[in-house]
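Undergrad: Chains as they are written, first to last, in this note's numbering: chain A, 79 to 354; chain B, 79 to 354.
Source of the hints: derived by calculation from the structure; they are not laboratory data. Because the structure is a prediction, the values reported are computed rather than measured. Backbone N, C-alpha and C define an ideal beta-carbon position, used for all residues, glycine too. Each hint should be verified, as a subset may be incorrect.
Examples of chain B residues lying across from chain A (beta carbon under 7 Å, computed) [claimed, not checked]:
1. Gln206
2. Phe236
3. Thr251
4. Trp255
5. Glu259
6. Gln275
7. Ala276
8. Arg278
Number of protein chains: 2
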Amino acid sequence: MTRGQLVEQIKKKASFLCVGLDVDLEKIPAELHKEQDSIFMFCKRIIDATAPYAVAYKPNIAFFEAYGLAGWQALERTIDYLNSHYPEVFTIADAKRGDIGNTATRYAKAFFDQLQFDAITVAPYMGQDSVEPFLAFKNNHTILLALTSNAGASDFQFHSENDVALFEKVLKTAKTWQGAEERLMYVVGATKAAAIQAVRSIVPHAFLLVPGVGAQGGNLDAVAENGLHADCGLLVNSSRGIIYASQGSDFDLAAANAAQELQAQMQRWLQKKQII
Amino acid sequence: MTRGQLVEQIKKKASFLCVGLDVDLEKIPAELHKEQDSIFMFCKRIIDATAPYAVAYKPNIAFFEAYGLAGWQALERTIDYLNSHYPEVFTIADAKRGDIGNTATRYAKAFFDQLQFDAITVAPYMGQDSVEPFLAFKNNHTILLALTSNAGASDFQFHSENDVALFEKVLKTAKTWQGAEERLMYVVGATKAAAIQAVRSIVPHAFLLVPGVGAQGGNLDAVAENGLHADCGLLVNSSRGIIYASQGSDFDLAAANAAQELQAQMQRWLQKKQII
Chain A
79 MTRGQLVEQI
89 KKKASFLCVG
99 LDVDLEKIPA
109 ELHKEQDSIF
119 MFCKRIIDAT
129 APYAVAYKPN
139 IAFFEAYGLA
149 GWQALERTID
159 YLNSHYPEVF
169 TIADAKRGDI
179 GNTATRYAKA
189 FFDQLQFDAI
199 TVAPYMGQDS
209 VEPFLAFKNN
219 HTILLALTSN
229 AGASDFQFHS
239 ENDVALFEKV
249 LKTAKTWQGA
259 EERLMYVVGA
269 TKAAAIQAVR
279 SIVPHAFLLV
289 PGVGAQGGNL
299 DAVAENGLHA
309 DCGLLVNSSR
319 GIIYASQGSD
329 FDLAAANAAQ
339 ELQAQMQRWL
349 QKKQII
Chain B
79 MTRGQLVEQI
89 KKKASFLCVG
99 LDVDLEKIPA
109 ELHKEQDSIF
119 MFCKRIIDAT
129 APYAVAYKPN
139 IAFFEAYGLA
149 GWQALERTID
159 YLNSHYPEVF
169 TIADAKRGDI
179 GNTATRYAKA
189 FFDQLQFDAI
199 TVAPYMGQDS
209 VEPFLAFKNN
219 HTILLALTSN
229 AGASDFQFHS
239 ENDVALFEKV
249 LKTAKTWQGA
259 EERLMYVVGA
269 TKAAAIQAVR
279 SIVPHAFLLV
289 PGVGAQGGNL
299 DAVAENGLHA
309 DCGLLVNSSR
319 GIIYASQGSD
329 FDLAAANAAQ
339 ELQAQMQRWL
349 QKKQII
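Bound conformation, chain A alone (with noise of 0.2 Å):
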């Protein structure tokens, strides 16, 4: 998928939306239980229900894995029903892969040729050569690892060389990558809403992907204060807040609306910076 089909999807549904799949087995309806691949059938009735909200789909794949071959099977089916019922939206695999070239390439074959997804989050810990072959997909895209929005964060992220903080230094350094200008995105933290300036001060004109909304105490008016551009510009995820609404049979349904709450302040922000 280009930018452009990006933006104009989320022109048309008037939502910077992302639905995150963290799928716990301990977390879905008893009924669901039953089903032969309950991971994928709970994915299912969430992508049902939620679409007409949400521009982007992000499953964690550390949930998938967890579960071993029969996660991986699910992962296989949750991204095929994606691309064949909703082409329209964009797949994100929160991978948050990062190893050396020809590793890399490896991981990029993983993602965007098997699996067929439309980006991958990646770590930027060991430079270009580690994020360049994830780049040279020209028909995907590479979503950096930033500014995150956990405690931790604040271990490495704000090490500072002559007033220049490391996640500011991954955003100067990336930005200059084979590719970058087309294909690379950013993670950034909600928890960390004031931030954004100092981010979007450096790639004025990228996409973030923002996760941290809602279980995480980020919030979304900070956020598009500060993070909104004439092409829209940013992904905003909520994964627990919409996908355990309810750990009732009407889980769906709670989803669907938590994910419609969210896409009505979504539409009141693009209005309000005149993006539609």
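Assemble the complex: chain A is given as a structure, and chain B must be docked to it using the hints.
TA: Structure of chain B alone, referenced to chain A:
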């Protein structure tokens, strides 16, 4: 496996060799393509041939994931084979995972509970709460990226605050985390042999996993001279130099020879340093 059991095995085999399993179907002998599970069959023959000389095996997870479900199955068979036939060897999932707490726990379950690896490689970018969930597994070891062997290592790992480079900050911070003293090891690239002295000044007693000997240009003598301590404290990895020593039908014999040659060098160093 405990650290004591690992040290015992190192002394018994007079080796601190780790064999990296980066299985590329394009590089394995044609005869193996006739097998039903050629990835696993290649790993099995490499393991059987090199086990007298190696104390650890390190499947590179990307190379398995790149083959989708078949790759994941081959990974399961490979680790099961190691655990059932060579329970004394130390098994490392080279996965370089790193994510927030609840997700990190899932990755830990995937590799420690589901697949039964002894250890996993983990990236530090997201800080304490992304690593401690791995350290909470008391029978397993976590191997944190500190200084990597690739060119991109220089992009961020030397970013310095008050003359403390990021990789040094990672070591200084991580060694204080819960469980680190007993169960945290570090990745230090062999292409930076001089830096091993700097690493040893911060973590004098820890085990270091050292990739980059062989194909990546690292020098075993420089690593051993600066890195060995009374408990050995090193696992030196070679992947391509061993598993692709020959691409003909004698690949396992060639792998054994390459492994034996490294083991002989290691034995001389263990004797020189009076560890055995």
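Undergrad: Go through the hint on Gln275/B and say holds or violated, using the shortest Cβ distance to chain A against 7 Å.
TA: Status violated, d = 22 Å.
Undergrad: Against chain A, is Thr251/B within 7 Å by beta-carbon distance?
TA: With a closest approach of 6 Å, the Thr251/B hint holds.
Undergrad: Interface hint check: Phe236/B, Cβ to nearest Cβ on chain A, cutoff 7 Å. Holds or violated?
TA: Status violated, d = 9 Å.
Undergrad: Close enough to count: is the Cβ of Ala276/B nearer than 7 Å to one in chain A?
TA: Status violated, d = 16 Å.
Undergrad: Let's test the interface hint: is any C-beta of chain A closer than 7 Å to that of Gln206/B?
TA: Hint on Gln206/B: holds, closest Cβ of chain A at ~4 Å, below 7 Å.
Undergrad: For the hint on Arg278/B, does the least C-beta distance to chain A fall short of 7 Å?
TA: violated (21 Å)
Undergrad: The hint names Glu259/B as touching chain A; please verify it with the least Cβ-Cβ distance against 7 Å.
TA: violated (18 Å)
Undergrad: For the hint on Trp255/B, just tell me whether its beta-carbon gets within less than 7 Å of chain A.
TA: Given a least distance of 10 Å, the restraint on Trp255/B is violated.
Checked against the numbered hints above, the structure violates hints 2, 4, 5, 6, 7 and 8; every other hint is satisfied.
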